[in-house]
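S.K.: Listed here are the chains, written in short residue letters.
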Amino acid sequence: MGGILETFGLAWPKFISQVVIVLIVYLILSKYAFGPILAMLEARRQRIADGEENLKKIESELEKAEEKVQGMLDEANSDAERLITEARESAEAVRSQKTQEAVKEAQGIIEKAREASKLEHEKAMNELKNDFGRLVIDATSKVTGKVLDDADQKRINDETAGQVAL
Amino acid sequence: MEANLPITSLDSLNPLLAAGGIAAPEIPGFGWLTNSIFVAAVVTTCVVLFTRMATKRMELIPSGKQNFVEFIIEFLYGQVEGIVGKHVAPKAFPLLATVFIFILTANWFGLIPGVGTIGFGEEKVAFLSLKEVTHPILRPATADLNMTLALAVVFMVVWAWLSISELGLWGTIVHIFGPKGGLQGFLKYALMPIFIFVGIIEVVSIVFRPMSLSLRLLGNIFAGETLLVTMGGLGELLGASGFVAWILSVVFPLPFYFMEILVGALQATVFTLLCGVYIKLSTTHDDEDHH
Numbered sequence: 002m003g004g005i006l007e008t009f010g011l012a013w014p015k016f017i018s019q020v021v022i023v024l025i026v027y028l029i030l031s032k033y034a035f036g037p038i039l040a041m042l043e044a045r046r047q048r049i050a051d052g053e054e055n056l057k058k059i060e061s062e063l064e065k066a067e068e069k070v071q072g073m074l075d076e077a078n079s080d081a082e083r084l085i086t087e088a089r090e091s092a093e094a095v096r097s098q099k100t101q102e103a104v105k106e107a108q109g110i111i112e113k114a115r116e117a118s119k120l121e122h123e124k125a126m127n128e129l130k131n132d133f134g135r136l137v138i139d140a141t142s143k144v145t146g147k148v149l150d151d152a153d154q155k156r157i158n159d160e161t162a163g164q165v166a167l
Numbered sequence: 002m003e004a005n006l007p008i009t010s011l012d013s014l015n016p017l018l019a020a021g022g023i024a025a026p027e028i029p030g031f032g033w034l035t036n037s038i039f040v041a042a043v044v045t046t047c048v049v050l051f052t053r054m055a056t057k058r059m060e061l062i063p064s065g066k067q068n069f070v071e072f073i074i075e076f077l078y079g080q081v082e083g084i085v086g087k088h089v090a091p092k093a094f095p096l097l098a099t100v101f102i103f104i105l106t107a108n109w110f111g112l113i114p115g116v117g118t119i120g121f122g123e124e125k126v127a128f129l130s131l132k133e134v135t136h137p138i139l140r141p142a143t144a145d146l147n148m149t150l151a152l153a154v155v156f157m158v159v160w161a162w163l164s165i166s167e168l169g170l171w172g173t174i175v176h177i178f179g180p181k182g183g184l185q186g187f188l189k190y191a192l193m194p195i196f197i198f199v200g201i202i203e204v205v206s207i208v209f210r211p212m213s214l215s216l217r218l219l220g221n222i223f224a225g226e227t228l229l230v231t232m233g234g235l236g237e238l239l240g241a242s243g244f245v246a247w248i249l250s251v252v253f254p255l256p257f258y259f260m261e262i263l264v265g266a267l268q269a270t271v272f273t274l275l276c277g278v279y280i281k282l283s284t285t286h287d288d289e290d291h292h
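Line by line, the protein sequences are chains A and B. Numbers given in this note's numbering equal positions in the first sequence, counted from 1, plus 1. Numbers given in this note's numbering equal positions in the second sequence, counted from 1, plus 1.
Errors might be hidden in some of the hints.
Taking lysine to any residue pairs in the SDA-like style, the calculated list, with each CA pair at most 20 Å apart, reads [as the list claims (entries may be wrong)]:
1. B:K87 - A:E43
2. A:K119 - A:A103
3. A:K32 - B:P91
4. A:K32 - B:G179
5. A:K32 - B:E71
6. A:K143 - A:N127
7. A:K32 - B:F72
8. A:K32 - B:V49
9. B:K281 - B:G179
10. B:K92 - A:G36
11. B:K92 - A:K119
12. A:K32 - B:K281
Now the stretches of chain A that chain B is said to cover, found in silico as 3 or more residues with beta-carbon under 8 Å [what the hints assert, rightly or not]:
13. 14-25
14. 28-38
15. 59-67
16. 127-137
None of these hints come from the bench; they were simulated from the model. Heads up, the beta-carbon is just placed ideally off N, CA and C, and yes, glycines get one too.
With the rest of the complex left out, here is chain A (with noise of 0.2 Å):
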């Protein structure tokens, strides 16, 4: 037995150097390396994870914020069809009251017109009797030389207006 450990060199003082260095790495590694490595390993794991987690959040959001944004954008677009809707009623009422205006207002112009025509025409004749029962006048002192009075006149006249049917 002394032979073999003599052979293999085997010997207390060594062994035991080679046990204390390898403990030795083995605490430094353990404190030092593997340690505050899984740690970090672990840190970013979780890190992933929560990641994961939130990215999941975010989309589930996004999906109910879609879905809000498509309620309201349906809701607006019934609101804005609504409002061309009445605004198209509203529009075609006005159109129609405006029109009735303009051709009652056009019908009053036209009777205002014929009126003032009618008077027109009625003060033209008297006018054109006026002138009628003159030239009569002038032509009756003329042909017959004489000087006549208001009362021939007014006479003469009254039977030519009375003669002139215009």
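Following the hints, put chain B in place on chain A, whose structure we already have.
M.R.: Okay, now just chain B, sitting in the frame of chain A:
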């Protein structure tokens, strides 16, 4: 004449053995301090300094050394978790990762030119050149039984603590000697002697685990070192001399260097894997087996 060639060749190769024998030689003037302990200390310093630099200012978005160390540790943790299970992994990981990283670094450190070939000797053949390096300053840390046994013993202590903390002392004894396969009733008691006998065999295998683990690692790494040195001297063995011998001493070992890189990684993996399996076997509850 030719039949004597191998004996002559081996004699001529002896001075070239890098490790100076299976026992790690002591460095002259430093008492019991062997070159293997010295290299183990250097490897420890390198590993500790590098990991400290990588983890001193850790950031959530890693880069450079932190990225590299994180990649290694994350990969190792996944492997350990796959072997020992999620429950035991946090407790077993520091030891298994330490064992893997240390053995791998020590194995590859042994491939650095100069390890095993720079040191003290008797007969000078030229300036700064010896015929035989009897006391190399550097020797692969894992080419020394003291180191491989230390790794195995530290592992066995942690293994025992893990097993007892998981199953309890009585649970561990029952796990080793108790009936397996969920046997009940008469059959359980009838087969009890067999299970006790199997338990005794199991105890013997547990006792021999440190030796098997340490000798496997030592044998592979020391054999690798010897192979590289033998290949380095093959040119002279074949009768070459001068510049040709020097070229051949570079060319012949080159393929074996790549093989030794592989062997170094493989032996670190085997050692760690076996440790993981031992932990898994001793921390698995019997009721888990049935499921």
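S.K.: For a quick check of understanding: which of the numbered hints are violated here, in increasing order?
M.R.: 2, 4, 6, 11, 12, 15 and 16
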